[in-house]
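Next come the chains, spelled out residue by residue.
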Amino acid sequence: MSEGQLIYSAIGSSSQRVDIREKVDGSLKYFTDMKMDGMLYGVVFRSTVTHARIRSMDVTKAISMPGIRAVLTSRDIKGMNAYGVIVPDAPVLAYDKVRFYGEPLALIAGDTLEQAEAAKDGIKVDYEPLPVIRNIDEALKNDAPLIHNNGNIARSMKVERGDLARGFKDSYLVLDRDYRTHMQKHMFLETEAGLGYLDEKGVINIFVSGQGAHSYKGQITRALEIPPDKLRIVNYPEGGAFGGKDDVTIQILLTLLVMKTKKPVKLVLTREESGAGGYHRHASLIHLKTGVSKDGRFMANKAHILLDTGAYVSFGPSVLDTAMEVINGKYRIPNISVEGTLVYTNNGFSSAFRGFGAPQGNFAIENMVDELAYELKMDPIDFRLLNLLQEGEINSFGNPERDTMGAHVALTEAKGSRLWKISKKGSLPWIKVGLGVSFGVKGVGYGPVKDVSYAAVEVIPSGLVKAFFSNADYGQGINTGHLQIVAQKLGIPFENLRTVNADTAECPDTGSSDASRSTFTGGNALINACDQLIEVMKPEAARMMKVQPTEISYADGKFTFKEGSEVSIFDIASFMAKEGKGTKFIGSFEMPRVAKPIEGMIEAPRFSNAYGVLLSLVEVNELTGLVKAKAFDFYADIGKVINPLLALSQCESGLIQGLGYAITEELTYDVDGKPLNTNYTTYIVPSTTDIPSIDVRFVDAVEKYGPYGAKGVGEIPIVPVASSLTNAVHDAIGMRFRELPLSPPRVSSRMQQNKGISVLA
Amino acid sequence: MTEVLMPNTLAEALSMISKDGHDVLILGSGSDVIPRIREREIVPKKVLDLSGLGSELNYIRIEGNVIRMGALVTVRQIIDNELFKGRLEAFLQAGRMFGGPQIRNMATVGGNLGAASSSEDLIPIFIALDAKVKMASIDGDRLVPVSKLVVAKRQIDRRPNEIIREIYFEMPDDSSWTAFFKAGRRNSLIIDLINMAMYLKLNIDGTKIEDIRIALNRVRGKTPERAYKTEEYLRGKRIENETIARAQEVLDSEVQLSSDFRASAEYRKSLDKVILARLINNCRDRIVEGRRTGN
Ligand SMILES: Cc1cc2nc3c(=O)[nH]c(=O)nc-3n(C[C@H](O)[C@H](O)[C@H](O)COP(=O)(O)OP(=O)(O)OC[C@H]3O[C@@H](n4cnc5c(N)ncnc54)[C@H](O)[C@@H]3O)c2cc1C
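Chains as they are written, first to last, in the working numbering: chain A, 1 to 761; chain B, 1 to 295.
Just so you know, these hints were derived from the structure itself, not from any lab. We treat Cβ as the ideally placed atom computed from N, Cα and C, and that holds for glycine. Incorrect hints may appear among the rest.
What the hints assert, rightly or not - Covered stretches of chain A (chain B as the covering partner; in silico rule of three or more C-beta atoms under 8 angstroms from a C-beta of chain B): (1) 601-609; (2) 623-633; (3) 659-668; (4) 737-747.
Construct the entire structure; sequences and hints are all you get.
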């Protein structure tokens, strides 16, 4: 880098979050606490049946109820009345059919929240019930009722390489296993929420907690037929997301309310509404057949991954592709066949969730790997190292492997973990201790689809540089990370930098914060914007100093001719402003893609990958079946670490969310397809008292194409957790759990079946 | 609109509910009731807020060998009180896992008795201690044994003009101990899958169970009750593996548990058995230990 000698080294320092103050002192408000003059309260009227044809719907009574300003149904929608980030198959407001419990049917705007709620009683729907499809197996039966006219299979994919039959024939050991994973809720602390108003220019402004801005805008304008210049979307910087706000949540509903009432409207889902109507992680069923040679080399891997996408597709295809991408680990497997099937059911609505299918795929393959290593009497890490692809080797999807060096380092370092030395003697006779390993892979970015990100920097003469990008900061700290990149690139102290985050009126489209891509793509786009800044300002500086551009160089916010002769970018900005020249520079970055994509696949294979090796120490109580995680040692390759504290927070939170996924959390539906546990009392996320001791190490690794060598960290930590825990449970009690979660009833009943364990204490 | 009554004395409070008590919802700290109001499970006409009665209803005292607690005593106060550090360990075992810190600071004893939703943790302990509840009204006090207090889920033997004033029980002697266990999916903020409280007294030479009371939040359906048959079986027995195994069978036949999405009846039963064994051994060990060290 030309601007090498910085007085200020931003990359690799734990800079304080730029938005810490408002969050700690409480001045940043939750939507529930916000109010505007004349604001109406929006509520969503939802289906109370799971699968039915709508014979008729009557809202006349609701309209005449006190304080009610509008009751809107599908008839009030001019556009295509459909959304869905990949396939717009979900109606904004259902009209002919409902496909899950809690599907939106109408919107009510009232002067008070109580009035709006009360008006729900004024809506009558006449349903013709249809049979409910509760899981993948039911959906695929020959005589299964159809959820959509085109059948219950939303997507099928198949990838093959090598000679599978031959691979199995030549194998010394072949295991054939089924794995099942369940549905997980995001449980962000702030539910789907937003506030919108119409401004004097006739533009609808929507402030919403989400993961981006531009993709929502595209979906809203399409669904409601609004001219793009009449709509502005701004991300509100809190709430949490984890993928649950990646596709449209309430954005279209809120826009419609503002459009029709022409008043400010607030819409905040209740926890139970978010539970029933919001997204969740796909349940999976994975058939896996894997063969190895006697000396522990993979010979063949055959997988069929079935995912339950619920009533609509949303991110389902991407999630399926990602599950398929990780089902071969990053192992050298010459013969593979990977099949994927995305299945409709009436189980709510599955979508993006941290890891995007990688946790499901990882659960299957890493359980399998552990079992194979165990059967072959090989050390679980040595077995993985032996099979891990070297850079340059052709991988299972036919591309040269380019970044597994860090994975080799992480696995090797994991051999030195403190946990190997811990005694496996339980504190009580019925407490069994075990240690498990898992190796996770999570690609960064969107894979083979063209992904160009735009971001901008603007120099303000008063002494500020503003960075504009649309990777939403919903709490993960991307505002801070991106500013560190700008600080490093321009050599400007952090205090002089500001962000404008995910506002369609001001920010170029950097895409959303998802797929672990924000640092990689947005960071590079910002670097490019800074390059433009330097390039455009250089001749201006030369003009100011009356020298040749070639005679000056840029460093630390200024162009220098020689010692003592320099101009700052702020002086140049005011010089340029006087001549009417703009000082906002847009940069772009196109995410590199693999050389050989796979036909039909949209999300995989990806170019760059983050890796994580997780060792878990567990205690299994043989009497109650309770599995407790006692310690996690996590070795991660996320490329260069931009901000160690934020990266650590991502790892800790991902591991904890994975712990919940593996043990305590499970979204369940009753026989009629009604969700049973939609709030914090009934849906059990880990509490602070359940958190094990966590040690995170980032291996020294650099991604050549990443900004300053960075990759991404958002998703990798959750990927290996469940498999690491089931492998640890096997180590503790000798039983393999191929179905999640590891809930006490499941563990207990298996132990009693298998061992007839006595319950004497 | 809901009317909120805020008395400053018990007498004032009692007169406020002397007539239309039916319409009045009594409010302790609200940790049980406020979420239910939010859910519109209850829509109170009037609320009687007891928070002004601290000077009359918030006390823990020992008179002779009788321990008395006012209805407004919080879980936090119980955990912090020296009285509960020994034989009344059950309260500590329940208290440590009771909600989270905020809930422990708020939740009152009166509210726990009043909630009666089947997941209260203090009720089984009080039952195991054979405690009595003192109901106050303008007509004077009325005693209700806590084992008779809960008549159905969310229904207690309280007349509309009554306020729970006090709960009292005898301090266990030095041959006895109390213990409590609750099983859930996480360590705090958990609605139990099952809970159990036990009072156990050994005979003079410490070889046999002289007396035992076992209370569970679920015995038949969803009201807290004693496991009388199991107690009867255990009384006079030596604590040996076979005895415990047999007691587990008795308990198994005595309880009729239901399944829900949290856990199946079978799993709850298997937990019951484990907990029974664990509590018996826990009490026995502590009594023996106490005798050895002279506590
Ligand atoms: C997050 C959370 C976690 C919880 N965890 C636990 C737990 O681990 N264990 C547990 O047992 N409970 C738990 N609870 C439930 C609740 O906190 C307890 O039952 C608590 O003891 C209730 O006391 P309160 O003062 O808040 O009762 P309130 O909510 O004020 O009242 C509860 C009921 O009792 C009645 N009542 C209150 N005081 C009196 C009185 N003096 N006379 C007559 N009637 C009265 C009320 O009318 C109402 O019907 C939890 C609740 C929450 C929200």
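Comparing the hints with the structure gives:
no.	hint	in the structure
1	601-609	violated (count 0)
2	623-633	holds (count 4)
3	659-668	holds (count 3)
4	737-747	holds (count 3)
Hint violations for this structure: number 1 only, all remaining hints satisfied.
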